[in-house]
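**Student:** Under my numbering, the first residue of the sequence shown carries the number 3, and numbering increases by one thereafter.
Hints listed in this document are in silico derivations from the structure and should not be mistaken for laboratory results. Possibly wrong hints are sitting among the right ones.
[Claimed, not checked] Below 25 Å or equal to it, Euclidean Cα-Cα: the simulated SDA-like pairs (lysine to any residue) are:
{"hint": "1", "residue 1": "K295", "residue 2": "F314"}
{"hint": "2", "residue 1": "K89", "residue 2": "K103"}
{"hint": "3", "residue 1": "K151", "residue 2": "V418"}
{"hint": "4", "residue 1": "K310", "residue 2": "D272"}
{"hint": "5", "residue 1": "K59", "residue 2": "F118"}
[Said to hold, decoys possible] Listed next, with one range per pair, are the computed distances between beta-carbon atoms:
{"hint": "6", "residue 1": "Y296", "residue 2": "T35", "range": "46 to 52 Å"}
{"hint": "7", "residue 1": "W90", "residue 2": "N259", "range": "47 to 53 Å"}
{"hint": "8", "residue 1": "R451", "residue 2": "G471", "range": "45 to 51 Å"}
{"hint": "9", "residue 1": "P289", "residue 2": "R43", "range": "41 to 47 Å"}
{"hint": "10", "residue 1": "I256", "residue 2": "M190", "range": "31 to 37 Å"}
All figures in this text were calculated on a predicted structure; none of them were measured in a lab. Built from N, CA and C at the ideal position, the CB exists for glycine as well.
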Amino acid sequence: MRKVATWLLAVFFIFLPAVAGAAWEQWVPGDHTIWVLHNNRWRLAVVHVPPQYNPNKPVPFVGILHGAGGTEKVAEEVSQYNDLADKWGFIVAYLRGTLSKDGVPESGYSWNAEDFCCYAPVANGIDDAGFIEFFLTMSQIMFNLNTQKCYLGGMSNGAMMALASAVLSGKIAAVAAVAGAIGWDEEMQMPAIISPINPISIIAFNGKLDLLVPYEGGISTINNFSVNLMPIEEGIKFLADGQGCASFSNHAYISPNVTLTRYSNDLGIDVSLYTVWNDGHNWFGLPDFIAQKYGVIMPSQEISCTEKSWEFFEEHPKRAPLITKSGVNTGYNPYAIWLSVTDLALMRGKITARMYAGVNLWKEFQVARGNGFVSFKSFPDVPWEAGSLKVDGFPWQTGQVFLELVDEYGLATNMVILPWPPPLPPDIVILNAGASKGYNPPATWVKGRNFTKPMRAAVLRNGKILKSGIIVNVADSLSFASFPLPSGILPGDTVSVALRDNEGFLSQYFNFIFK
């Protein structure tokens, strides 16, 4: 085991097997166990990497959440998503909740789906939505995910959790909810989750004979845990209404015992419900040998949740802005980062740039919106005269940072790599400098090399700019005869001089004693 990185409040990863610190590793095909410390709790996921994985090519991602009392292993065996991942070349991760009963490993694991289901995670107020969002961000960095093709699926309590996470996240394109439902807040007389903040497509599978998650809703006692659920069809319509889909609906028979209710809008968002009339609380299409292992009696084979959900995912990528070009402009005061962004108009309200050092959220900035581009100053606390952007305590040593944009509603762009620190300027060097009182007013002079263009000079004391102005070059000497020193500098004071040409290239600082 090896600690790799830290993120926000004591959040870091331990990877098994150990991996190097660089992003987008050459992950070998197969399963990788990842431990995450989130909100002072260790969390686990098993990530399956397909044989054709190429770290230089963005790859789709599917996260699968187990049901209440289950494990990531159960989710893997029941969903059978590894076979699809190997066939179509996407990454699938099976995430683990927290213990259903504190201190009792035999109780399995559950999720806190919007504080209504289930068990100890609800009582303990576990931030599972935050964990899932963080895991997605980490995976985006570590695996080079295709940010327009990130999906969530789950069964039962895992389906509830997938829906609760996706309505809050700007990173999820679509959700598959198997045998799930939306909770009903009796006190507030409203659904337990909000309408989707950002557009997401949803495919749901529910059995008409489900006894644990009743199709008609109401109070359900799930292994002695009482929850109040919306009727399935009302919950689906609620998710469709919030996205302007309900006015475009159709109903169809898919097979003798399966019907489809589908809502859609002209933006390509679909909310679809497959109702299996002769089955209950099942992952439909489950192979016989898996059904026998978990004591499931004859799951319906008229539809496959696995195959149908992946088809749905493939047809519903997320429409989100993409960063297509990026760079660092040294001509600004201070250095500035610029990004070319497609579909920038999709972002609403203020836009925040997030810089990650490795998987650490390192800095955040408000950015200026342009016509297809954004720009922002990367370090407002570092003046241009510093000559380089050395930041003490920078935690990432690979010479790169990752950057994404997020609007006020959580809609996120793809993540891009920037070389870091920014490229150093040309070799404009100050070899010597001084001040003379023989002039009226007093003047500063500088000798150096590569003085080929007009320069802007600055004189500083204790890091504060006292005076600045334009000067001209005389061979390899620069005279500040028309650059009076301000009053208040006393003999013996240490002052600094720095130069910048009209393209923004900086010299180094040069300190000298004022006499």
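**Student:** Tell me the hint numbers this structure goes against, listed in increasing order.
**Tutor:** 1, 2, 5, 6, 7, 8 and 9
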